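Trainee: Produce the complete structure using the sequences and hints provided.
Chains as they are written, first to last, in this note's numbering: chain A, 1 to 294; chain B, 1 to 459.
Since the hints were made in silico from the structure, they are not lab data.
Since the model is a prediction, treat every value here as computed from it, not as a measurement.
We treat Cβ as the ideally placed atom computed from N, Cα and C, and that holds for glycine.
Heads up, a few of these hints could be off.
[As the list claims (entries may be wrong)] Footprint (simulated), chain B over chain A, 3 or more residues, beta carbon under 8 Å: (1) 80 to 94; (2) 184 to 196; (3) 243 to 250.
[Unchecked claim] Using C-beta positions, here's what the derived DEER-type ranges look like: (4) A27/A / K452/B: 53 to 59 Å; (5) N397/B / L115/A: 18 to 24 Å; (6) L328/B / G93/A: 17 to 23 Å; (7) Y159/A / R100/B: 53 to 59 Å; (8) L286/A / K103/B: 35 to 41 Å; (9) K413/B / D96/A: 56 to 62 Å.
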Amino acid sequence: MMNSIKLKGALLSVILFLMMLAVWHLATAPKSGINQPDRVSTATASSGNSEYDLLMGKGSKDVAPDQKSGFPTLTQMGETFYKQLSDPFYDKGPNDKGIGIQLAYSLARVSLGFLLALVVALPVGFLIGMSPLLSAALNPFIQILKPISPLAWMPIALYTIKDSSISGVFVIFICSIWPMLINTAFGVASVRKELLNVAKTLEVNPIRKAFKVILPAAAPTILTGMRISMGIAWLVIVAAEMLVGGTGIGYFLWNEWNNLAISSVLFAIVVIGFVGMLLDMLFAKLQKMVTYAD
Amino acid sequence: MSIHKPFDPDRPLFSNRCSCGKHASAAEHEAANLQKINEEQESANFIEASLVKALFPQEARRRAFLRAVGTGGAMSALSGFLPVGALQAMAQEKAPLEKRDLKIGFIAITCATPLIMADPLGFYKKQGLNVTLNKTAGWALIRDKMLSKEHDASHFLSPMPIAMSMGLGSDPSQMRVATIQNTNGQAITLANKHKDKRDPKMWKGMKFAVPFEYSMHNFLLRYYVAQAGLDPDKDIQIRVTPPPEMVANLRAGNIDGFLGPDPFNQRAVYDEVGFITILTKDIWDGHPCCAFGTSEEFIRKNPNTFAALYRAVINASTMARNPENRPLIAKVISPQNYLNQPETVVMQVLTGKFADGLGNVQNVPDRIDFNPIPWYSMSTWMLTQMQRWGYVKGDVNYKDISEKVFLLTDAKKYMQETNAPMTAQAKASSGNPKFKIMGREFDPANAAAYSKSFAISKA
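Mentor: In structure tokens, the structure reads:
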């Protein structure tokens, strides 16, 4: 029964996807079919010369039509996908690198910021979770800092750190720290009393209690926090890189936008979505590993 | 390794013996000759050798040519059309560079042409510099990265270094303009639906975009609509928008037009969303637009590096000024690494033969030019407009600021050194030539009166 639902679901997904492509095709392809003669006729009517058309990128095979920034057709999308994915690791100077290299830069920034946040959030979260006093003291700060948009930190970061790539990492750090901190604190605070009581009866020392009792019990909640953080970090890195430029998938997207190349922008969006999904799946796996049945 | 004699056809190709045949090995020959060759000669030889090698990359051909013409003949023939002497003099003058690896910021627009082309065409390398060109996402970031010293030198909008030095919109930090990157090269582009509204008097209520507050774009647009009797602060709306978004916003109908940098005016035409209504050349012929500069601190710490950078950019400007070179330049600066634009679009901007979006092919060879001289009077005019529109309050010492920011004397010096063409007027002028803007003459000597003389103004 379960299997058949899964199968049906997959089938439905494929059908939906094909329908989406069909709508896309219908929305883009015939338009150019209808408009093309129309456009040419207005151009010839007003100019009457082929030189003008040539300057407008028409009537010449050298000028690929997809360089225009209209909405791309499916064929153009396919070409973009093929072109980008067939050679993902080329490096033609500081401003032109393959999608693979750009992704690597983004992932490196995200993991660095994320790990830094982890290093801070876990111990602090533990302390807050174990001590109601600390929790009450730090809570107002967390509540105020948590809702600030990570990109709002960017100008401050650029101004104080004076280095754009470190600023990028800092923005990832500042945005991924809160979900981890709050979830860790919550997980630690809500470890079941029975477990703590057993530990107390057995006279376990505090360090051992933290690592052997509280950590495993709070691990699923902590990983939930990490999963949320990773999702936010991946959202933010694209925006941050669009802002500061240089390298990364966000820069790639911005650079293609600079060229008004909508097909490449769409390609970047799809790639961002896929990588985000993979990251999320990775954390879902980790979460499964530490979850135990009662 | 020593440098071989470039004009000697009988130099052995792969032999272990030395070139004169008197010594057992090349090393021994070197040792014997070491005292004779002074450094100057060696560097001259090196330059000759690389020139001859560049002309005839194939060893066999080079030898055949040298034999056929004779060494003396070849030398005089080559030096006739190659600036061998000048290059040798320049190379000798080169002092050791303080910093070889440089990061230079730029915005992907044709205004940055000399700065960009210097990379693929090897102008930086020729000066011994290893330059990384950083495409930067916006003008505010250009400013921030210069202030944070992430970039050693940068492409600027020419009013930016003035504003930064005066501490407008940022902490005061002394910046210097080495050269003007380009003159002219901007345009006012309107959305297609405004084809019958080419007269600026009809622009009341329209929304326009400019790339940055402290830009010639902003000042020229304000000047232009004010001449038509509109108050740019009340009758139209001016938004700061990054250039690529100008085209997208024009398509979406969010703005009615923009005074922006190329290739985006041409791109709007190419994408059939707008038309070019007036080139900024027709507002002020020869107006400065973008600049190349760096901080005062960088120059103080790295004078030789700065000189090398100066020579590279002046050389690039000189090459870019020649219309014959423009197609080649369009080709090398169009790829993804630099402008990331269709070559046809860049070509139309640089050659001045362009489709205007109204069905005409226009031919304006000086649509964009690359005259590098940073006249003090240009800076003075910018200051008067900053006063006029309320960016600067009170009296301004035009002369002091201009002479501090614009490095006119250095530009002239390096132009003479690199044999860049200069008009007699440029050589003789005091640095404050007068300009005509929309028919009205600007006399920098009476700048204060000028800035107060406008009917529409905040001063």
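Trainee: Against the earlier hints, flag every one the structure doesn't satisfy and list their numbers going up.
Mentor: 2, 5, 7, 9
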